[in-house]
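Student: This is what each chain is made of:
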Amino acid sequence: MTLLSLRDVRIHDGVGDRDVVHGISFELAPGAAVGIVGESGSGKTLTCRAVLGILPEHFTVAGGTVSLEGRDLAGLSANEWTALRGSTVAAVFQDPASYLNPSLKVGNQIAEVVRVKTGLGRRAAKDRALELLDSVRLPARVYGLYPHELSGGMLQRVLIATAIAADPRVLIADEATTALDVTVQAEILDLLADLRDRTGLALVVVSHDLAVVAQLCDEVLVLRAGETVEQGPVEQILYEPRHEYTRLLIAEHARYGLDRVLELEHVA
Amino acid sequence: MSPEPVLAVTDLHVHYRRVHALRGADLTVAPGETVGVIGETGSGKSTLARAIVGLVRPSAGRITIAGQEVAGLRGGGWRALRRRGVVQYVFQDPLRSLDPDLTVEESLLEPLLIQGRPRRAAAERVRELLERVRLDEDLLGRLPGELSGGQRQRVTIARALATEPRLVILDEPVSALDAANRVRALEFFQELRDAGTALVFISHDLGSVAGVADRIAVLFQGEIVEEGPTREVVNAPRHAYTRLLIGSAPTLRSARVARAEREELRELLRTNGGPA
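So the protein sequences, as listed, match chains A and B.
Just so you know, full-length UniProt numbering puts 78 at position 78 of the first sequence, and the rest follows in order with no gaps.
Just so you know, full-length UniProt numbering puts 242 at position 242 of the second sequence, and the rest follows in order with no gaps.
By construction, these hints were calculated from the structure, which means they are not laboratory data.
Every value quoted in this text rests on a predicted model; they were computed, and no experiment measured them.
All residues carry an ideal CB built from backbone N, CA and C; glycine is no exception.
One should not assume that every hint holds.
[Claimed, not checked] Derived DEER-like restraints, expressed as beta-carbon distance ranges:
| no. | chain 1 | residue 1 | chain 2 | residue 2 | range |
| --- | --- | --- | --- | --- | --- |
| 1 | B | 106 | A | 137 | 51 to 61 Å |
| 2 | B | 261 | A | 101 | 57 to 67 Å |
| 3 | B | 76 | A | 41 | 40 to 50 Å |
| 4 | A | 104 | B | 115 | 54 to 64 Å |
| 5 | B | 41 | A | 101 | 15 to 25 Å |
| 6 | B | 261 | A | 16 | 47 to 57 Å |
| 7 | A | 139 | B | 149 | 32 to 42 Å |
| 8 | A | 141 | B | 101 | 47 to 57 Å |
| 9 | A | 31 | B | 261 | 18 to 28 Å |
| 10 | B | 16 | A | 236 | 46 to 56 Å |
| 11 | B | 238 | A | 16 | 53 to 63 Å |
| 12 | B | 131 | A | 94 | 32 to 42 Å |
| 13 | B | 113 | A | 60 | 46 to 56 Å |
[Unchecked claim] So the derived list for chain B, only partly shown, Cβ under 8 Å to chain A, looks like this:
| no. | residue |
| --- | --- |
| 14 | 179 |
| 15 | 182 |
| 16 | 204 |
| 17 | 211 |
| 18 | 212 |
| 19 | 234 |
| 20 | 235 |
| 21 | 251 |
| 22 | 252 |
| 23 | 253 |
[Unchecked claim] Anything over 10 Å on all C-beta distances counts as not near chain B; from chain A, calculated:
| no. | residue |
| --- | --- |
| 24 | 1 |
| 25 | 72 |
| 26 | 85 |
| 27 | 97 |
| 28 | 98 |
| 29 | 108 |
| 30 | 112 |
| 31 | 116 |
| 32 | 124 |
| 33 | 135 |
| 34 | 148 |
| 35 | 174 |
| 36 | 183 |
| 37 | 186 |
| 38 | 232 |
| 39 | 242 |
Let the hints inform the model, and build the full structure from the sequences given.
Tutor: Pasting the structure below:
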């Protein structure tokens, strides 16, 4: 069964009067992971926003269909979108601090989302928030801390905890590890892989780094200027890239990255 | 024996009030050698870079650049050294390292005129520099705000090379660039190295440095915990933190292997007072 399906989705910029995403298609099954790779301006974030119903002003889905659990999302009312977000599809973005209120304890902010999204009472919402902190591998004392008391990696964990508060089936991670140190990035990617294994959460992983996406995903789309230049299983993209842009992304790792000096027997 | 190093840092300490940011760092760089300094947030890597170019005063230790002891230099001494242009610094964000009110041409002329070159020779040199970083002459009249990110970083690199420095400190020089510009910049750094310039390539990401550095130094909590030829450090890391760094760097081939090992290393570093 398909959880999330995009068919030939086109996104139109009403101000520039032009299409900025020219027909993106992919299907996401429960527990699967799709990766979208591209530079800034490639349309990867707009595609995510279309799935979440939060396209910026003047941008519209001008063609194709987005469906979630078999339901076409075109023409949903604002209330219907609100009901969908968080409970079926949720997202985390690059700068976690900007999604939290700096003057409220993070635990209360998670609990508030739990109350709004699941209708639990205060006491139960707090218990659930503590449970969520535990599931993103944060100690319970984090509940009583303010955002400025947490590192970037911990803040991103708090955002992931909030995103999965209402048990969504799809989590979109849009450059969610880009601003983090490499070791912290790996912790967050490991956490996402772990959530996927434990709960069957399906992932859409968006990154400018092909290696990040390769680490987590089964299928990869390579976007450039709103166009899918390559799409397929991760092994095919890595070992038989057809488009020159994909080859450039791979060459960067192969010629200048760790891949150049890493001896394979060490890895195995 | 190896030639006299362009840079020799010995037992360098830096304090910011009560914070001991750098705890006895040693680093040598030979002519034509590229040394990667890897460190994450709070490791002291930018402090090390800034101390080398005189932007931060060390509390103890020695820094020798091309034979001259610089750690004890005051303002005037540093200005004289900078005028000679022996050491240059390229920052991550090219927009903030170029004067927004100077055209590309003015920015590139400035270090040459300060050095005392006649205007005509300086203008000639500017054209050479543009060609080296493969920028079109049409861009000479533009302001930094009118350039793309990749073009801007090439201007900062050209500016750093204007005085034919023997040592260039690159602080996350490609982090803000897109893939095509990253590859172009890395290719260029290799050319520079091959031409005999010593490079210190500072990054939080071992993956982005491994392919260009002859040697790697790993900074962790203000100390260089491991140093050696790139291939050795990457394939036979001795320190747990180096192992975690390598296990964490996204790569195309080893991607799915190390999740459990990473968890063990994190636990080890946590119990040994490592990062939380």
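Student: In terms of Cβ atoms, is chain B entirely out of 10 Å range of residue 72 of chain A?
Tutor: 35 Å, holds
Student: Is the hint on residue 234 of chain B kept, meaning its closest Cβ partner in chain A is under 8 Å away?
Tutor: Check passed: Cβ of residue 234 of chain B comes within 5 Å of chain A, closer than 8 Å.
Student: Can we trust that residue 148 of chain A is non-interface, i.e. its beta-carbon lies farther than 10 Å from all of chain B?
Tutor: Nearest chain B Cβ is 15 Å from residue 148 of chain A, so the label holds.
Student: Could you tell me whether the CB distance from residue 141 of chain A to residue 101 of chain B stays inside 47 to 57 Å?
Tutor: 50 Å, holds
Student: Take the shortest C-beta to C-beta distance between residue 212 of chain B and chain A; is it under 8 Å?
Tutor: 6 Å, holds
Student: Given the hint of 47 to 57 Å, check if residue 261 of chain B and residue 16 of chain A actually sit that far apart at their C-beta atoms.
Tutor: For residue 16 of chain A against residue 261 of chain B, whose Cβ atoms are near 48 Å apart, the range 47 to 57 Å holds.
Student: Grab the minimum beta-carbon distance between residue 242 of chain A and chain B and tell me whether it stays above 10 Å.
Tutor: Fine: 16 Å to the nearest Cβ keeps residue 242 of chain A off the interface.
Student: Taking the shortest Cβ-to-Cβ distance between residue 85 of chain A and chain B, state whether it exceeds 10 Å.
Tutor: 29 Å, holds
Student: Far enough from chain B: is every CB of that chain over 10 Å from the CB of residue 1 of chain A?
Tutor: 26 Å, holds
Student: For the pair residue 238 of chain B and residue 16 of chain A, does the Cβ-Cβ distance stay inside 53 to 63 Å?
Tutor: 55 Å Cβ-Cβ, so the 53 to 63 Å window holds.
Student: Going by Cβ atoms only, is residue 252 of chain B closer than 8 Å to chain A?
Tutor: Interface hint status for residue 252 of chain B: holds (5 Å vs cutoff 8 Å).
Student: Beyond 10 Å on every Cβ pair: is that true for residue 183 of chain A relative to chain B?
Tutor: 5 Å, violated
Violation of the numbered hints given earlier is confined to hints 2, 36 and 37; the remaining hints are satisfied by the structure.
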